Amino acid sequence: MSRRDIQKSVMASEYHWFGGPLSAPKVYDTGTNFNAPPTVRGSESQSPGIASPGGTGRSVLYTSTDDGWDLVFDAE
Amino acid sequence: MSKRYLGIWLDAEGNRRVAASSSAVGFLSRSHGQASPLFPAIPGGREFSLPEVGAVLFIVARSPSSLLAKLINDYGDVKVNTYIGHGHAAIVVCQPSLQECEALATALSPEIRGFEIWTISGGLVLTEQSILCEPLPDGSWIQPTPVEFSHLQSEARAQVEQFNSNLALLGRLASMYAPETAELCLAIRESVAFIVERLLELQEGAEEGSVHESIGLEAHLVEVNSILTIYSSQLGSGSLPLGEDLFPVGEYSLLGIGAMCRGAWRIYSHLNQTFSQHDHAGIVQRAYPLLPPFDPYAPRGRVDYSGWNQHAIRVENLDEAPEAEARLHIPYFSSRWGFHESWNAISLSWQCLYAAATKEWNLLTITHEYLHAHIRDIFGVIFDPSAADVSQVLSDYNGKSRGDNALASMRLAYIEAVVMIETMTDLSEVVSGTRQQIPGTIPDRLTEHLLRDLFKRHTELVHEIVVHVLDYWYIFDGRDDVYVNSIWSSWSLVPSVASRVPYYVLRTLASLASTSPPGTNPAMFEDAASRLLACLKSMGSRERERPVVNEAIRLLEDKESRQKLGIQFAASRFVVEITLHFFKDSRLNAALVRDGGMAVIDGHRTYNMQFGDYPGLVIESPVAFLLDRFPGYEDQAGSERVEHESIWQMLQLV
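So the protein lines, in turn, are chains A and B. Numbered according to this note's numbering, the first sequence spans residues 1 to 76. Numbered according to this note's numbering, the second sequence spans residues 1001 to 1654.
In case anyone wonders, no lab produced these hints; they're calculated from the structure. A hint or two may mislead.
[As the list claims (entries may be wrong)] Simulated restraints, written as ranges between beta carbons of each label pair: (1) A/Gly57 - B/Ala1590: 41 to 49 Å; (2) B/Pro1292 - A/Leu61: 26 to 34 Å; (3) B/Gln1277 - A/Asp66: 48 to 56 Å.
Since the model is a prediction, treat every value here as computed from it, not as a measurement. Note that beta-carbon positions come from the ideal geometry of N, C-alpha and C, so glycine has one too.
Take these sequences, add in the hints, and give me the full structure.
Shown next, in the form of structure tokens:
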């Protein structure tokens, strides 16, 4: 794949899908490789809470006991 | 003491004075003062000093390692007066007279790109008895032509005009001092020419969002100019005649850091060439649209991923890639950015100039940044908007379709990954204590707004996990101890890590889990966590306390924190499995560390080089060389030995 083709694909995809270059140009300091805030959030999170109990979709069940924990996806 | 500064200044009569000192400060506070550190070429050798009457030869070598090997091994009487530094004139030899310096330069001339000789008497440089032989532009050099900009609108036009000047300057310097960067100069020129073409299209057309896109492209131009000016300053520092130009970094103001820039380029270009030969972005672009779709939401239960284990999907099993061109970046040193990847550049921490021979500032960290660029290109191809319409992709996701081909399936798997990360992060936040049953929901339907929000917040983690897994396999060959030591030593001095320790623990767990036996999420998490804990504890005996390492240990030993990490790990594992099943290429590790100059001693492949050896070996694999050096590194910077070894190590690579 030529450099030109890669450049064309990556610049277009980052503009259309990711809202701009994934690593901000250095002149616009964000302090990380990305524009986004940390992924693992603290309690101040403004999460849309898409995993909240009672929502619609595929289920996941977290279970913990004294012996350990488990996650069951698509639980019946 | 082995570190001494060579310093110059002008006296009241305008004569150039020269001296050696243990500090640069005295030189720099004088009129036209400049200084740079020098170390004995041979560790333990005589510290740098100037003859009362004599001459100093500054050598700009084609290959410092090769020339040093000749000097040290073939010129026994010279080697005790040979010194090494950071600049293009990385080799400095003191001799009793101008004639002896000249004779030495003549004898070594095939290895020399340029040289300068100062005749010294009583601390005075006798300029009329000194010799300057500037490097000539390399015969094969092709100077990049300016990019046409006359039809651009004002902001972009101004940037391209500046770019042309910056590139002309870099080209002149590189043609004389680092002609191996010729391809880089041409590639940067082509990258900017592409941006100009796109800007003209946007100017002339009426595409929706054209102003927004134009501003983004102009930002790329601003960045390339920013990097070019820094790089020209660093690569051009210490150019001949010495003392004429000032490199505005006090510590290296006389001789500059040119040889270190060439070393950084050598490491970077080895990575770039090796990855180019495997052309993963091109393989994905060519092969995936022709392959049948796979189940991007599977496997059910998020435990058994063997359904993805289809032979034909791995990049290593797809077409024989022709030699391709990977994008090129400018590798430069930055104290502000440390190790960092951006569109045009990959920066190395400034500390590498004096502490690359420590675990904290080891140069292998550049591989992580390079892999960011690598997977950025892969995902860029996967999400190329010419093949992926947002509404169609959303429709496929909401309908739980597989898409039309493997490329479409991969886009859906990426979306499933960010949805999983969001879900598991939410779930982890409500978990506390034991004996709990908490039901959650992985949403089946997304709106465009929510999708973009998820991309914005979780793309970083997805990319980091892919990078970590590939780095762990490609560079570190799945060795926990070296990998964990390298990344956590590096992170231990980055202030921003302290506020996000769980995030860094999660990233490390993901990489280690890529070699865990396949099993349930708790089983794989426990395996990775126990291995990580053991590695982190082995770092605990260091002289200086490492708060982030201690915090990581605390998190892994705290039951509730471990539960939260375990839940988030289930989402991270989804990304690990994508990486292993689709993007990992087992040929790359072998290609990156292949070097005929290594020997097998006690079961280990090694260069068998001690600090201060000059075997004249051409290091074919900088990655293998740095891996070989890593176990012997000190834990932290600050000693003269570390600085000395850092220079020696880098010169071996040039």
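Note to self: Please list, smallest to largest, the hint numbers that this structure does not respect.
What the structure shows: none
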